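**Q** So you can see what is in the structure, the chains are spelled out below.
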Amino acid sequence: ETGVTQTPRHLVMGMTNKKSLKCEQHLGHNAMYWYKQSAKKPLELMFVYNFKEQTENNSVPSRFSPECPNSSHLFLHLHTLQPEDSALYLCASSQTGTGETGELFFGEGSRLTVL
Amino acid sequence: DAKTTQPPSMDCAEGRAANLPCNHSTISGNEYVYWYRQIHSQGPQYIIHGLKNNETNEMASLIITEDRKSSTLILPHATLRDTAVYYCIVETGANNLFFGTGTRLTVIP
Chain A
38 ETGVTQTPRH LVMGMTNKKS LKCEQHLGHN AMYWYKQSAK KPLELMFVYN
88 FKEQTENNSV PSRFSPECPN SSHLFLHLHT LQPEDSALYL CASSQTGTGE
138 TGELFFGEGS RLTVL
Chain B
9 DAKTTQPPSM DCAEGRAANL PCNHSTISGN EYVYWYRQIH SQGPQYIIHG
59 LKNNETNEMA SLIITEDRKS STLILPHATL RDTAVYYCIV ETGANNLFFG
109 TGTRLTVIP
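Chains as they are written, first to last, in this note's numbering: chain A, 38 to 152; chain B, 9 to 117.
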């Protein structure tokens, strides 16, 4: 138990569906992240939020839409996805200090399958 | 944008020290080196990080060369539960941790 909870753990959706992934951290951290991990590929940093403000968008397609309503919650809204978007989506949080990220705490991930 | 090079795989006998190397020859003076590991089907787990000095915690030791162009993660007494993919990461700015392909460590009984 890392203090970062992701739901759902598994999701199957069609290409025309709209769904959302949810992440909640109970650690009082000020930064939250979405990473994508595809089969046999490294983790890809997608989005970073610092104090609820998006500070990083790593060239992610617009069919992925993040939302950070407060520093404890992070969503990833999904619409018109492609089969190649099937992957493990990992949320993480950290207490960022001056000039360094600090320790990232990861959730267990949401495994997404797009049919 | 991974700035690190790691061997794709390594084996280590149970109970022995596991020494995992990482090259980061283009590292800048204020960039930290982080190590994480990922056990199958789980989220990555933080191990240790450092800037210039060697670091030690309850999990591992991090040895950074004086020129900072390489580092070694040392697991002093490897157990079967240490079998995982180990990632060496150079932080390219606060909140920017880009994972590479890592080293798959297999601890052998």
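No wet-lab data here; the hints were simulated from the structure.
Only a predicted model underlies this, so the values are computations on that prediction, with no experimental measurement involved.
Ideal placement from N, C-alpha and C gives every residue a C-beta, glycine not left out.
Incorrect hints may appear among the rest.
What the hints assert, rightly or not - Calculated lysine-lysine pairs in the BS3-like style (CA-CA distance at most 25 Å, straight line): (1) K78(A) x K56(A); (2) K55(A) x K89(A); (3) K11(B) x K78(A); (4) K77(A) x K11(B).
Said to hold, decoys possible - Residues of chain B placed beyond 10 Å of chain A at every Cβ, according to the derived structure: (5) G23; (6) Q53; (7) K60; (8) A68; (9) T73; (10) D75; (11) R76; (12) N104; (13) T109; (14) V115.
**Q** Let me make sure I understand: some of the numbered hints might not hold for this structure. Which ones are they, in numerical order?
**A** Hint check: 6, 12, 13 fail, others pass.
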